[in-house]
Amino acid sequence: MKKFINHPDAVVREALVGLAAAHPDLRVDLEQQIVVRAEAPRAGKVGLISGGGSGHEPMHAGFVGLGMLDAACPGEVFTSPVPDQIVAAAKAVDGGAGVVHIVKNYTGDVMNFQMAAELSGDEGIEVHSVLVDDDVAVEDSTWTAGRRGTGATMLVEKIAGALAEEGADAAAVAALGTRVNEASASFAIALTACTTPAAGRPGFELPEDEMEVGVGIHGEPGRRREQLRPAREIATMTLEAILAAKPVAAGEDAIVVVNGLGATPLIELYLLYGEVAGLLESAGVRIARNLVGNYVTSLDMAGMSLTVCRADPELLRLWDAPVRTPALRWGV
Amino acid sequence: MKKFINHPDAVVREALVGLAAAHPDLRVDLEQQIVVRAEAPRAGKVGLISGGGSGHEPMHAGFVGLGMLDAACPGEVFTSPVPDQIVAAAKAVDGGAGVVHIVKNYTGDVMNFQMAAELSGDEGIEVHSVLVDDDVAVEDSTWTAGRRGTGATMLVEKIAGALAEEGADAAAVAALGTRVNEASASFAIALTACTTPAAGRPGFELPEDEMEVGVGIHGEPGRRREQLRPAREIATMTLEAILAAKPVAAGEDAIVVVNGLGATPLIELYLLYGEVAGLLESAGVRIARNLVGNYVTSLDMAGMSLTVCRADPELLRLWDAPVRTPALRWGV
Amino acid sequence: MDVALARAWLDAAADALAARTEELTSLDAAIGDSDHGVNMNRGFGAVRTALAGASPAGPGAVFTLAGTTLVSKVGGASGPLYGSAFRALGKALPEGAEVDAAAFGAGLRAGLDALVKLGGAAPGDKTIVDAYAPAVDAYDAALREHGGDGDGGLAAAARAAAGAAAEGMRATVPLQARKGRASYLGERSIGHQDPGATSTWLIFQALADAAAT
Amino acid sequence: MDVALARAWLDAAADALAARTEELTSLDAAIGDSDHGVNMNRGFGAVRTALAGASPAGPGAVFTLAGTTLVSKVGGASGPLYGSAFRALGKALPEGAEVDAAAFGAGLRAGLDALVKLGGAAPGDKTIVDAYAPAVDAYDAALREHGGDGDGGLAAAARAAAGAAAEGMRATVPLQARKGRASYLGERSIGHQDPGATSTWLIFQALADAAAT
Ligand SMILES: Nc1ncnc2c1ncn2[C@@H]1O[C@H](COP(=O)(O)OP(=O)(O)O)[C@@H](O)[C@H]1O
Ligand SMILES: Nc1ncnc2c1ncn2[C@@H]1O[C@H](COP(=O)(O)OP(=O)(O)O)[C@@H](O)[C@H]1O
Ligand SMILES: [Mg+2]
Ligand SMILES: [Mg+2]
Ligand SMILES: [Mg+2]
Ligand SMILES: [Mg+2]
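Residue numbers (full-length UniProt numbering), protein chains in the order written: chain G, 1 to 332; chain E, 1 to 332; chain P, 1 to 213; chain H, 1 to 213.
It is worth saying that the hints were derived from the structure and are not from the lab. Even glycine gets a Cβ: it sits at the ideal position worked out from N, Cα and C. Please note that a few of the clues may not be correct.
To be clear about the criterion: a stretch of chain E counts as covered by chain G if any three or more of its residues have a C-beta under 8 Å from a C-beta of chain G, and this derived list gives those stretches [as the list claims (entries may be wrong)]: (1) 95-103; (2) 144-157; (3) 173-187; (4) 223-231; (5) 259-267; (6) 274-285.
Simulated restraints, written as ranges between beta carbons of each label pair [to be verified]: (7) G/Gly200 with P/Asp2: 36 to 42 Å; (8) H/Ala4 with E/Asp9: 39 to 45 Å; (9) H/Ala19 with E/Gly167: 53 to 59 Å; (10) E/Ala249 with H/Lys117: 39 to 45 Å; (11) H/Ala4 with G/Glu210: 37 to 43 Å; (12) G/Asp29 with E/Glu166: 56 to 62 Å; (13) E/Met237 with G/Pro24: 25 to 31 Å; (14) P/Asp113 with E/Arg289: 52 to 58 Å.
Please take these sequences and the hints and turn them into a complete structure.
Structure (structure tokens):
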């Protein structure tokens with residue numbers, strides 16, 4: 001394992017020390033392991049809280065700040081946070097208007113956030129939740145754990161965060177978050193496995209000429225293994241999988257994110273974006289906004305995810321609204 | 001080679017297609033292979049031009065925009081641009097106040113920019129140059145190619161760009177760029193080699209327990225090979241190498257950049273930043289500003305570079321000045 | 001079952017999970033996210049620490065504390081699931097310094113019920129339930145068959161439970177996961193042993209070992 | 001030397017550089033940035049294309065066009081260096097459809113001078129100069145010794161130049177680089193053959209081959 005770390009057990013904590021040093025405008029509570037916006041709590045403002053396992057940086061701590069999250073709860077690497085963290089975050093950000101949990105649909109995340117919601121409720125904090133499950137590589141079914149939450153999480157956090165910043169109430173913020181999730185679909189491809197500090201070796205072996213298709217963001221194998229193909233074909237198959245879920249139709253606007261999984265250079269992401277943009281144009285979809293970069297990652301995995309979100313004027317207005325966080329920043 | 005590309009020869013061009021699609025506010029000239037700020041040329045404003053081999057994204061094209069570069073000239077991967085590109089860029093951005101070339105100190109870059117300067121001069125464009133050579137891993141000497149230009153390039157582009165935006169003349173912008181370079185020192189460590197699309201395999205083999213110390217940004221081997229060490233020791237040796245060059249002394253302010261070389265996840269960069277911040281505090285140096293992320297990369301190399309720049313009120317004011325580019329954005 | 005046995009069980013479980021951390025993580029690497037061993041080791045290490053600093057009056061208090069500690073230290077899927085199970089076990093036990101084997105068995109079943117209520121998994125979904133449910137059934141059956149007087153009865157029932165857990169664990173190999181992270185793999189989850197069922201077996205085996213001595 | 005031979009040389013060089021692209025890139029991987037083969041292949045491929053669409057009146061015009069093309073298509077260190085050398089060679093040759101071996105030799109030396117002026121490298125710095133300088137010296141010596149009448153003289157001188165270039169190329173192996181990218185490696189540059197000296201040998205060998213037929 002080749003990583004800039006001191007000890008596998010200390011990675012999350014020591015990275016938070018660095019985050020705190022780099023961003024004096026964030027409050028990093030090492031004891032509770034939460035990252036809180038400096039101004040929180042703000043009277044009357046809904047507190048937006050997200051969290052999940054670490055290893056997806058900049059998500060979530062990199063999205064804490066004006067116009068986005070009020071707090072992030074980083075768990076151990078790929079391990080959802082514990083209820084205590086989430087309750088501590090709720091107490092830190094609740095300004096009387098309640099909090100909204102943004103939860104990626106994983107068994108562990110769902111259960112820990114649910115337990116926290118009950119505990120926060122016991123403390124008199126109103127808790128609403130948004131469940132993100134945008135990954136169309138996984139079939140949706142009430143008999144299974146359902147779809148995973150991946151790249152759309154950032155869109156939910158940005159857009160719901162903007163509405164919360166405007167002063168909307170918790171129910172409205174949560175409803176909007178849910179609407180963004182429903183308007184979104186994602187699909188990811190990995191060229192390599194990633195290595196968690198604790199495991200010390202890659203989660204799977206992938207031959208030089210193969211790729212994993214339909215991976216999540218936790219280093220797990222994908223839905224299937226295929227021959228490596230040129231970027232154009234990868235863009236095509238990824239977009240086909242997404243459009244089959246009908247997040248957007250011809251004539252509509254979309255927000256498109258070409259996201260790196262951690263070890264893929266930007267030059268490749270731009271190249272992919274060029275392919276995706278061309279294909280969407282042919283499909284009659286207008287890309288109203290886009291992001292190209294590493295936003296929702298999977299440690300040192302080489303790979304990419306594509307997220308497409310149907311956009312309407314309200315979503316675009318909120319997408320464009322000011323945001324000032326370590327990883328997303330515009331309009332201020 | 002596992003990359004999201006179509007063909008090795010087409011990587012730079014196709015990534016530019018994607019860049020153009022993602023950033024409609026940039027003018028990407030595929031014929032001339034240059035990236036130009038939308039508003040250029042602006043009468044009376046000095047045009048800031050940089051460039052170099054591709055594979056260092058977001059540098060340089062990601063730094064084109066308000067408050068930073070007016071144009072970038074991306075060469076083939078790790079190959080400096082040709083004079084024609086640089087002259088085309090000068091013509092595109094010269095608003096009568098001349099242009100400033102920001103050139104990283106590599107034989108190829110220096111010669112191509114020099115040839116371009118002569119050709120642009122023939123066309124009546126006043127050309128000034130800033131040579132960036134911040135990499136203290138390489139000894140400086142008039143008998144050799146001298147130090148390399150690496151991480152400080154971004155600082156030069158940001159700070160000189162802010163001065164140009166304020167309306168300073170070409171000589172002043174170039175002088176400031178040179179001052180930033182002289183105030184800066186960088187040092188880099190690689191955990192893996194990178195693979196250029198054309199070569200198709202890593203530039204060197206590095207065993208699981210070894211690192212390359214003192215690498216540049218072109219995938220070349222470093223000054224020496226050492227046993228892999230914990231992040232704290234790596235931060236210490238890197239900072240020692242930098243402080244030996246005395247860019248900054250106790251009691252002074254610094255701008256510090258912990259930069260990923262392309263395949264190193266953000267969680268590790270933040271962890272390293274925490275170490276560096278602690279060490280600099282012990283050394284009595286105050287970090288006035290910082291950046292943590294992938295800014296000056298080396299394709300898919302796992303590794304990091306540290307850049308320390310002595311800051312004074314003028315540099316800090318210009319650092320804080322508005323910037324709106326694909327990769328750096330604040331204050332607007 | 002008294003406080004000493006309750007402590008001995010959790011201690012033995014912590015030892016076993018520490019010794020098998022890598023193995024559990026490898027199983028999780030195949031169909032999950034490579035953290036189950038680390039999660040369980042962190043959790044039961046924390047339980048050990050918590051118990052070292054506490055003087056619970058009876059086994060119920062021991063398990064409640066253990067469960068609460070697991071919930072607040074593990075995270076992931078396994079934290080809430082095992083945490084809720086141990087809390088339910090603790091709360092189900094009658095007050096007092098000692099509980100009989102039947103009451104302990106009822107407590108184990110209360111733990112299973114809590115885990116199923118929280119996680120929604122059914123037998124055959126390739127989860128903890130596939131080892132836990134047969135273990136509780138075997139425990140009850142052994143008590144019914146051989147009687148539950150004294151720790152001897154509990155020891156025999158625990159042995160039966162551990163055996164059934166092992167069988168349940170092995171039976172997860174051919175299953176396709178329908179719950180948890182492994183479900184994302186669809187058919188590719190077939191052919192791998194479930195990590196959570198494996199840690200459940202280790203925990204029941206630790207119970208059998210502690211009860212035997 | 002006439003236009004046909006000038007074209008044949010550059011054609012042979014393009015062929016050789018295309019065939020050896022990987023080898024040159026491997027040499028550059030060891031002490032540089034893995035692009036020399038690709039750079040040279042791109043450059044001489046562009047020269048071939050440029051010449052195919054042009055009707056230069058004499059060898060001087062051929063080499064000037066080749067040099068200009070190299071400057072505008074290669075980039076890196078090798079582009080300006082080889083480009084300037086070929087431009088200087090082209091400009092040094094007298095007008096006319098044919099030039100004699102001595103004039104061509106003077107042109108080669110003008111190319112070397114331009115390259116040295118631009119790059120500042122001295123013999124022993126582990127660069128193109130280490131193959132180019134001895135090649136020009138050997139060419140001149142051969143002409144002096146055997147006379148330079150007709151293409152026979154040029155062929156012999158070119159053969160001598162190629163041999164000296166090969167020797168100079170091999171002699172770069174033990175050198176520590178003082179110029180170009182390889183200089184960053186300090187002592188670690190020792191023991192590797194310089195890629196630029198290698199492409200220079202290929203270019204002189206192509207001259208010898210073209211002149212021989
Ligand atoms: N809904 C569920 N009910 C019961 N057990 C489950 C459920 N979901 C997951 N598990 C168990 O959890 C185990 C994984 O635990 P762990 O790796 O610690 O958490 P995570 O999956 O969050 O990384 C699986 O092997 C499975 O046995
Ligand atoms: N100053 C110089 N003078 C002569 N030749 C040089 C000089 N610097 C570099 N070279 C030659 O250039 C070669 C490298 O060319 P190339 O790989 O195409 O460019 P780059 O180094 O920019 O990647 C080296 O092997 C060396 O022979
Ligand atoms: Mg996990
Ligand atoms: Mg190069
Ligand atoms: Mg797991
Ligand atoms: Mg090179």
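So, going through the hints one by one against the coordinates:
no. : hint                               : result
1   : 95-103                             : violated (count 0)
2   : 144-157                            : violated (count 0)
3   : 173-187                            : violated (count 0)
4   : 223-231                            : holds (count 3)
5   : 259-267                            : holds (count 6)
6   : 274-285                            : holds (count 4)
7   : G/Gly200 with P/Asp2: 36 to 42 Å   : holds, 40 Å
8   : H/Ala4 with E/Asp9: 39 to 45 Å     : violated, 31 Å
9   : H/Ala19 with E/Gly167: 53 to 59 Å  : holds, 55 Å
10  : E/Ala249 with H/Lys117: 39 to 45 Å : holds, 41 Å
11  : H/Ala4 with G/Glu210: 37 to 43 Å   : violated, 51 Å
12  : G/Asp29 with E/Glu166: 56 to 62 Å  : violated, 40 Å
13  : E/Met237 with G/Pro24: 25 to 31 Å  : holds, 27 Å
14  : P/Asp113 with E/Arg289: 52 to 58 Å : holds, 56 Å
The structure fails to meet hints 1, 2, 3, 8, 11, 12 from the earlier list, while all remaining hints are met.
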